[in-house]
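Listed below, chain by chain, are the residues.
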Amino acid sequence: DAGITQSPRYKITETGRQVTLMCHQTWSHSYMFWYRQDLGHGLRLIYYSAAADITDKGEVPDGYVVSRSKTENFPLTLESATRSQTSVYFCASSGGWPDTEAFFGQGTRLTVV
Amino acid sequence: ELKVEQNPLFLSMQEGKNYTIYCNYSTTSDRLYWYRQDPGKSLESLFVLLSNGAVKQEGRLMASLDTKARLSTLHITAAVHDLSATYFCAVLVGAGSYQLTFGKGTKLSVIP
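Chains E and U, in that order, give the protein sequences. Just so you know, we're using our numbering here: the first sequence kicks off at 1448 and counts up by one. Just so you know, we're using our numbering here: the second sequence kicks off at 3 and counts up by one.
By construction, these hints were calculated from the structure, which means they are not laboratory data. Ideal Cβ positions, reconstructed from N, Cα and C, are used throughout, including at glycine. Some clues are possibly wrong.
Take a look, some chain U residues computed to stay more than 10 Å from chain E by CB distance [stated by the list, open to error]:
{"no.": "1", "residue": "Gly18"}
{"no.": "2", "residue": "Thr30"}
{"no.": "3", "residue": "Gln59"}
{"no.": "4", "residue": "Arg72"}
{"no.": "5", "residue": "Ser99"}
{"no.": "6", "residue": "Gln101"}
So the derived list for chain E, only partly shown, Cβ under 10 Å to chain U, looks like this [stated by the list, open to error]:
{"no.": "7", "residue": "Glu1461"}
{"no.": "8", "residue": "Gly1510"}
{"no.": "9", "residue": "Thr1529"}
{"no.": "10", "residue": "Thr1533"}
{"no.": "11", "residue": "Thr1558"}
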């Protein structure tokens, strides 16, 4: 399917476990982003990438790791999940950032127990 | 630190009425974005405003940007129920930056 897809859609994990959220886009967009959305905080940028093998920290990167070996994939790993990382995670991509829009995936709802 | 404030945060309006959502931001930026989010869904891009004085319209929604006042508005004309959603503005942190700072969102309910 064309577009940007995230997997899984829902995930429950235990504190201390490593978990990886996947993001795949079919447009060959250069720019990709990971946001988390929390009540009271809105959306906050975790990491972003301007191209394959180029990544940089956003506003709230602690506890997260990203990689981008291929243009179409941008996985987000929580190295040792904590309850404060319970959130809805959105991946986004853009072909002409910041002059064009970013398209968001459907989100992953992560619960850390 | 860039701060983005939307108001109102909650808006209940009758069908057929007009209203404006305001987005103020605290530091210089010339890129502003509006998104829509339905409950439990993803974000949908509405407008990308790239310069001072930019105005864009799509259907019953019109967005404008005044970079000197650090203000963007999203105007709703003759609201219909289908416009019920949460609307976010987001501002690029600064020149050469890729980072967005989002407002907290305006939850719009359009009632018959």
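To see whether the hints hold, each was checked on the structure:
Even its closest Cβ contact with chain E, about 29 Å, leaves Gly18/U beyond 10 Å, as expected for a residue assigned away from the interface. Listed as a non-interface residue, Thr30/U keeps its Cβ farther than 10 Å from every Cβ of chain E; the least gap is roughly 14 Å. Every CB of chain E lies more than 10 Å from the CB of Gln59/U, the least distance being 16 Å, so the non-interface label holds. The Cβ of Arg72/U sits about 17 Å from the closest Cβ of chain E, beyond the 10 Å cut-off, so the non-interface label holds.
The beta carbon of Ser99/U is not kept farther than 10 Å from every beta carbon of chain E, the shortest such distance being approximately 8 Å. A Cβ of chain E approaches the Cβ of Gln101/U within 10 Å, the least distance being about 5 Å, so the stated non-interface status is violated. Restraint check, Glu1461/E versus chain U: the minimum CB separation of about 25 Å is more than 10 Å; hint violated. With its C-beta approaching chain U no nearer than about 18 Å, Gly1510/E sits outside the 10 Å limit, and its interface hint is violated.
Here the hint on Thr1529/E is broken, as its CB sits about 23 Å from the closest CB of chain U, past 10 Å. Hint on Thr1533/E is violated. Least Cβ distance to chain U is approximately 16 Å, over the 10 Å limit. Of the supplied interface hints, the one on Thr1558/E is violated, with its beta-carbon coming no nearer than about 15 Å to a beta-carbon of chain U, more than 10 Å.
Hints 5, 6, 7, 8, 9, 10 and 11, counting from the list given before, are not met by this structure.
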